[in-house]
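A.B. asks: These protein sequences, in sequence, are chains A, B and C. Here my numbering is used: the first residue of the first sequence is 1, the next is one more, and so on. Here my numbering is used: the first residue of the second sequence is 1, the next is one more, and so on. Here my numbering is used: the first residue of the third sequence is 1, the next is one more, and so on.
Source of the hints: derived by calculation from the structure; they are not laboratory data. Hints are supplied without guarantee of correctness; some may be wrong.
[As the list claims (entries may be wrong)] Straight-line C-alpha distance at most 25 Å; calculated DMTMM-like pairs for lysine to aspartate or glutamate: (1) Lys81(B) with Asp76(A); (2) Lys81(B) with Glu193(B); (3) Lys159(C) with Glu67(C); (4) Lys81(B) with Glu77(C); (5) Lys129(B) with Asp100(B); (6) Lys84(B) with Glu46(C); (7) Lys81(B) with Glu93(C); (8) Lys159(C) with Glu16(C); (9) Lys81(B) with Asp43(B); (10) Lys84(B) with Asp199(B); (11) Lys81(B) with Asp108(C); (12) Lys84(B) with Glu193(B); (13) Lys81(B) with Glu144(B); (14) Lys159(C) with Asp194(C); (15) Lys159(C) with Glu222(C); (16) Lys84(B) with Glu173(B); (17) Lys81(B) with Asp40(C); (18) Lys81(B) with Glu17(B); (19) Lys81(B) with Glu18(A); (20) Lys129(B) with Asp86(B); (21) Lys81(B) with Asp47(C); (22) Lys84(B) with Glu16(C); (23) Lys84(B) with Glu186(B); (24) Lys129(B) with Asp43(B); (25) Lys81(B) with Asp137(B); (26) Lys129(B) with Asp106(B); (27) Lys81(B) with Asp194(C); (28) Lys129(B) with Glu17(B); (29) Lys84(B) with Asp64(C).
[What the hints assert, rightly or not] Each pair of labels, with its calculated beta carbon distance range: (30) Asp28(C) with Ala71(A): 21 to 31 Å; (31) Asp189(C) with Glu144(B): 22 to 32 Å; (32) Leu83(A) with Pro68(B): 45 to 55 Å.
Backbone N, C-alpha and C define an ideal beta-carbon position, used for all residues, glycine too.
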Amino acid sequence: MTEATYTDGNAMAGPLAELFSVDVSAAATTCAGCGRRSHVAQLHVYASGPGAVARCPGCQDPVLRYVRTPAAAILDLRGTVSLVIPLAASGT
Amino acid sequence: MAIVTPGFRGRRSAAAERLPPGQYLAEDFPVLSAGPTPQVPLDGWTFTITTEAGQPHSWSWAELLALPRETPTVDIHCVTKWSKLDTTWEGVSLDTLLADVETSADFALVHSYGAYSTNLPLEDLLDGKAWIAFRYDGEDLAPEHGGPARLLVPHLYFWKSAKWVRGIQLLHEDEPGFWETLGYHEYGDPWREQRYAGD
Amino acid sequence: MALPWRVARLVARRDESATARTLVLHVDDWPGHLPGQHVDLRLTAEDGYSAQRSYSIASAADGDSLELTVQLLPTGEVSPFLVNDYAIGDPIELRGPIGGWFVWAPTDPRPVLLVGGGSGVVPLMAMLRTHRDIASRAPLRLVYSVRSPGDVVYVDELKPTEEVDVTLLYTRAAPPEWPRPAGRVTPVDLGPSDPRVRVYVCGPTGFVEAASRQLVALGYDERQIRTERFGPSGSQG
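Put together the whole structure using the sequences plus the hints.
C.D. replies: Laid out in structure tokens, this is it:
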């Protein structure tokens, strides 16, 4: 039996904190493949060194893809219809 | 600017002269994946080379195993900075597979079960530089390392040695694969430290 | 920069078991943290080689101090250094606090079920310690799964109180005359269910998947279950 080799989107919260001024592990995604809604923390994350793929827990399609090179961070969002990030109400 | 953590050395042995710049010697064989290990039953497994004209050349598992095979011993280098020296493999050379394929294409896009892909110039698959490998270190290639069969192209960074290989598309123009679309280098020569686009 | 790398210093170490050590770190102007959050550590050798690992914060918020509990994995790259070699007074780079999902809000009055496998108990202990520090009246239950008695950490803090119920279960070897025979977590260990309960599950990925399936099948509300997967057991050392 092959042991599960993934973690989850909690593991991406640190790297993504370089790009977003708020925590995104609670952000909501909608899989562009199957429509399933997941919080980033619930995505199955396969980390491969400088690159990571966060997959839909249902259909396994990549929802987020992320690469950190010394000079840049690349975040590919084509696998999610949207990224909904909870923020404080404006004016507060 | 990172500070030094006194006393930390990591899992590394003393540096060897055969290591490309920035690489360290690994004692184990790290498993890195972009996704779950595909389950590929051997009776359904095929490997297909498709020419730029769309002409397919396919081999079943039995047909692949019936071809003349080689036992290369090679050094491998991962973009995550670990290297392994003198790794032993068994597989069919791409020279054998491409022998009867008529093509004038210059580029290859390699496809894996599980929707992974990677690209390289066709000439980097020829002249004894690449194999479809199905045995490693004297045993059948384990699924977490790309079994039943993977591409082995050791002169490039190991993300080009696509695990769970299922086919190669020959193209007139270079088309970036999975990691190349996200900023990895389009060629990936470890001796020129071509890890990322622009290196 | 939203989440800068800071320099932490080791001020104390504490054995939790034969193979686990708690590191007490001091970080100037630490902004505080919520129970469940983690930090990233970055270790750099003299020749520039570096490795990063994430560790859950084990302690309740306490000024400039935070604690991590590190499990030694003999084949690991980082844990042998942290458990055996990292010296008091020495610096280490740290980024955090990280995480907005796997977090227990101290003001949450709802009943809580914490389910931890192996080192998954660490962030749950931060929750339990916070609960105790603020004298929360929220009913809290911890189910802690370990292989054998030698693997238990936080031994002295696993005592049930009026608000806190603790179930310790062994998967490979139980102490003599332990009422529950050794074996993996089952629905019997996790029930009875209550859809009002907020659930946190943490540990190796296989454990989290199995426990989560059982919790949902028992009738816990899937939307109230939060999970944190540490990867294959024995990884990330």
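A.B. asks: Each of the hints needs a verdict: does it hold here or not?
C.D. replies: Verification of the hints:
no.	hint	verdict
1	Lys81(B) with Asp76(A)	holds, 24 Å
2	Lys81(B) with Glu193(B)	holds, 10 Å
3	Lys159(C) with Glu67(C)	holds, 20 Å
4	Lys81(B) with Glu77(C)	holds, 14 Å
5	Lys129(B) with Asp100(B)	holds, 18 Å
6	Lys84(B) with Glu46(C)	holds, 22 Å
7	Lys81(B) with Glu93(C)	holds, 21 Å
8	Lys159(C) with Glu16(C)	holds, 15 Å
9	Lys81(B) with Asp43(B)	violated, 36 Å
10	Lys84(B) with Asp199(B)	holds, 23 Å
11	Lys81(B) with Asp108(C)	violated, 45 Å
12	Lys84(B) with Glu193(B)	holds, 16 Å
13	Lys81(B) with Glu144(B)	holds, 19 Å
14	Lys159(C) with Asp194(C)	holds, 23 Å
15	Lys159(C) with Glu222(C)	violated, 28 Å
16	Lys84(B) with Glu173(B)	violated, 32 Å
17	Lys81(B) with Asp40(C)	holds, 20 Å
18	Lys81(B) with Glu17(B)	holds, 15 Å
19	Lys81(B) with Glu18(A)	holds, 23 Å
20	Lys129(B) with Asp86(B)	holds, 15 Å
21	Lys81(B) with Asp47(C)	holds, 13 Å
22	Lys84(B) with Glu16(C)	violated, 36 Å
23	Lys84(B) with Glu186(B)	holds, 22 Å
24	Lys129(B) with Asp43(B)	violated, 28 Å
25	Lys81(B) with Asp137(B)	holds, 21 Å
26	Lys129(B) with Asp106(B)	holds, 16 Å
27	Lys81(B) with Asp194(C)	violated, 49 Å
28	Lys129(B) with Glu17(B)	holds, 22 Å
29	Lys84(B) with Asp64(C)	violated, 43 Å
30	Asp28(C) with Ala71(A): 21 to 31 Å	holds, 30 Å
31	Asp189(C) with Glu144(B): 22 to 32 Å	holds, 30 Å
32	Leu83(A) with Pro68(B): 45 to 55 Å	holds, 51 Å
Taken one by one, the earlier hints fail for this structure at numbers 9, 11, 15, 16, 22, 24, 27 and 29, listed in ascending order.
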